[in-house]
Amino acid sequence: MPDDWTFGYRADIGYTHGYYRDLSPVMLEFALLSKMQSCRVGRPLRYLELGYGQGLSLNVHAATVPGEYWGTDFNPAQAANAMDLAAASGADVRVLDFTFEELAARDDLPVFDVIVLHGIWSWISDANRRVIVRIARRHLAVGGILYISYNSTPGWSAAMPLRHLMNLHADLASGEALGVLSKVDAALAFAQSVVDSKAGYFKANPAVADRLVKIKTQDRNYVAHEYFNAVWQPMPFSDVAEYLSEAKLSFAASANFIEHHDGMNLTVGQQKLLNDIKHPILKESVRDYMVNQQFRKDIWVKGERPMPPHEQAARVKEHSFVLMTPVADVPLSIMGVLGETKLQEEAFLPVLELLASNGYAPKTGAELMAGPPKQNHAQIMQVLALLIGSGHVCPTQSPVQRKLAQPTSNALNASLTANAEFSSDAMFLASPLIGGAVGVTRFQKLFLKSLKNARKTPAEWAADAWSSLEAQGQRLIKDGKTVETKEENLSALLAMAVDFHGKRLPIMKALGIAQ
Numbered sequence: 132m133p134d135d136w137t138f139g140y141r142a143d144i145g146y147t148h149g150y151y152r153d154l155s156p157v158m159l160e161f162a163l164l165s166k167m168q169s170c171r172v173g174r175p176l177r178y179l180e181l182g183y184g185q186g187l188s189l190n191v192h193a194a195t196v197p198g199e200y201w202g203t204d205f206n207p208a209q210a211a212n213a214m215d216l217a218a219a220s221g222a223d224v225r226v227l228d229f230t231f232e233e234l235a236a237r238d239d240l241p242v243f244d245v246i247v248l249h250g251i252w253s254w255i256s257d258a259n260r261r262v263i264v265r266i267a268r269r270h271l272a273v274g275g276i277l278y279i280s281y282n283s284t285p286g287w288s289a290a291m292p293l294r295h296l297m298n299l300h301a302d303l304a305s306g307e308a309l310g311v312l313s314k315v316d317a318a319l320a321f322a323q324s325v326v327d328s329k330a331g332y333f334k335a336n337p338a339v340a341d342r343l344v345k346i347k348t349q350d351r352n353y354v355a356h357e358y359f360n361a362v363w364q365p366m367p368f369s370d371v372a373e374y375l376s377e378a379k380l381s382f383a384a385s386a387n388f389i390e391h392h393d394g395m396n397l398t399v400g401q402q403k404l405l406n407d408i409k410h411p412i413l414k415e416s417v418r419d420y421m422v423n424q425q426f427r428k429d430i431w432v433k434g435e436r437p438m439p440p441h442e443q444a445a446r447v448k449e450h451s452f453v454l455m456t457p458v459a460d461v462p463l464s465i466m467g468v469l470g471e472t473k474l475q476e477e478a479f480l481p482v483l484e485l486l487a488s489n490g491y492a493p494k495t496g497a498e499l500m501a502g503p504p505k506q507n508h509a510q511i512m513q514v515l516a517l518l519i520g521s522g523h524v525c526p527t528q529s530p531v532q533r534k535l536a537q538p539t540s541n542a543l544n545a546s547l548t549a550n551a552e553f554s555s556d557a558m559f560l561a562s563p564l565i566g567g568a569v570g571v572t573r574f575q576k577l578f579l580k581s582l583k584n585a586r587k588t589p590a591e592w593a594a595d596a597w598s599s600l601e602a603q604g605q606r607l608i609k610d611g612k613t614v615e616t617k618e619e620n621l622s623a624l625l626a627m628a629v630d631f632h633g634k635r636l637p638i639m640k641a642l643g644i645a646q
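The opening residue of the sequence shown carries number 132 in our numbering; numbering runs sequentially from there.
Zero decoy hints are in this set.
Quick list of in silico lysine to any residue cross-link-like pairs, SDA-like style, CA-CA up to 20 Å:
| hint | residue 1 | residue 2 |
| --- | --- | --- |
| 1 | K345 | D316 |
| 2 | K409 | P437 |
| 3 | K587 | A549 |
| 4 | K347 | M291 |
| 5 | K409 | D419 |
| 6 | K473 | V399 |
| 7 | K587 | T548 |
| 8 | K617 | L607 |
| 9 | K640 | V629 |
| 10 | K166 | E435 |
| 11 | K334 | S288 |
| 12 | K347 | S324 |
| 13 | K345 | A320 |
| 14 | K448 | A478 |
| 15 | K166 | P437 |
| 16 | K403 | V422 |
| 17 | K166 | L405 |
| 18 | K583 | M627 |
| 19 | K473 | T398 |
| 20 | K428 | S369 |
| 21 | K409 | S369 |
| 22 | K473 | M395 |
| 23 | K409 | T398 |
| 24 | K448 | A501 |
| 25 | K640 | R586 |
| 26 | K609 | T348 |
| 27 | K534 | R174 |
| 28 | K534 | E199 |
| 29 | K428 | P367 |
| 30 | K334 | I346 |
To be clear, the hints were calculated from the coordinates, so they are not data collected in a lab. Note that the coordinates shown come from a computational prediction; the quantities given were computed from them, not determined experimentally.
Sequences and hints are given; from them, build the entire structure.
Shown next as structure tokens:
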């Protein structure tokens with residue numbers, strides 16, 4: 132039996148050190164702007180994350196978007212890691228290890244502009260869900276934002292018996308002495324043996340067998356948390372809406388920008404059927420059936436207020452955007468539910484080239500509309516939303532916000548970079564420009580550390596990285612094989628450093644990560 136304080140949640144191993152950009156206040160606000168929905172989020176803001184895991188997202192946002200940040204996660208090991216990150220940045224963040232009930236009972240809990248919970252809702256009890264609703268009812272500001280992501284039906288419906296089978300094996304056929312990860316491996320192998328036996332369930336649901344193949348390739352800590360908790364309840368959108376209605380919340384937008392574009396996700400007939408449905412809950416529910424939705428990223432607001440098109444146009448003109456990927460590396464296609472959609476080169480490529488000009492300096496919506504080619508606000512919004520949704524462009528914060536966030540971002544990055552000497556955890560760095568983080572490799576972190584130490588050439592960066600590896604008896608892995616000799620390791624590191632210097636470093640400088 133699990134310890135009482137865990138409530139059946141997997142607390143004996145740590146969660147992954149992931150960063151989730153959807154939780155960024157900057158991204159949340161722009162997602163609402165994209166769907167012409169108003170919100171009231173002040174600066175400096177007040178922000179609460181429920182169930183922060185290792186605390187990377189919470190600390191990145193506290194370091195990059197000035198405000199007062201709170202977060203709770205009842206796993207003390209994860210809280211300790213989050214506290215270390217908070218101490219490193221010096222940002223205004225209160226890291227707690229309270230249960231949701233304990234947090235709700237505090238008499239000093241303020242009213243928040245933003246409350247977020249990523250991947251928590253599906254893995255907690257109904258009692259805890261109702262505590263979250265109570266927190267949102269009492270402590271989310273009028274006009275404020277609530278972000279919630281969760282496993283949903285109908286997309287999960289067919290695979291739920293697979294999860295049950297794996298848990299059954301872990302509970303009944305594996306001894307506690309094996310340890311969690313060994314039990315996970317044994318359950319995965321057992322489930323595969325049932326597939327291989329030509330079991331009727333898997334023959335009738337071949338996509339579930341394919342899902343098992345994918346699960347076996349995933350990080351085992353992630354798999355343990357995702358599939359082996361005592362509580363797990365995928366939920367239809369309408370049920371979530373019923374819960375959140377008690378907190379006076381209205382659904383406003385998906386945080387997934389690709390889902391904002393029905394043309395690449397729905398057939399013409401499906402779009403017509405949806406457009407004929409007037410009730411918003413029914414409409415969103417039917418859409419989930421059409422796309423077989425299995426994971427929702429919902430943005431809710433306390434006080435729905437649609438935005439007129441002319442207001443959206445004015446705000447987009449003033450907003451700035453930054454390119455995150457070298458132009459040559461941006462594919463002019465996007466995968467939607469209906470398959471791959473080719474992007475119009477004449478509309479997208481000039482925008483990418485303009486964003487890359489002047490050392491990747493941010494460009495306003497007005498500059499992008501002016502072109503060439505000249506595009507109206509609806510056209511440029513579509514281009515931007517798709518590039519943001521595919522991760523190649525980000526909205527930015529104001530120069531004032533960036534300046535305020537630069538010291539705490541620098542301090543957090545110094546800690547994250549130092550960690551790369553020994554670990555491949557937390558492969559992200561904080562950017563005050565975008566109010567969020569960007570993904571980096573361990574070696575890119577080491578190259579940036581060398582650069583900060585006045586080592587100016589890729590050859591020097593490669594030599595420094597090799598010194599770190601050699602001191603720990605480590606070697607590079609290439610094509611699944613260990614690179615043995617010093618010369619081969621240095622050659623491979625130099626190739627990485629040269630590529631980083633030419634492609635990524637200019638973007639890192641524009642993002643306020645590298646000097």
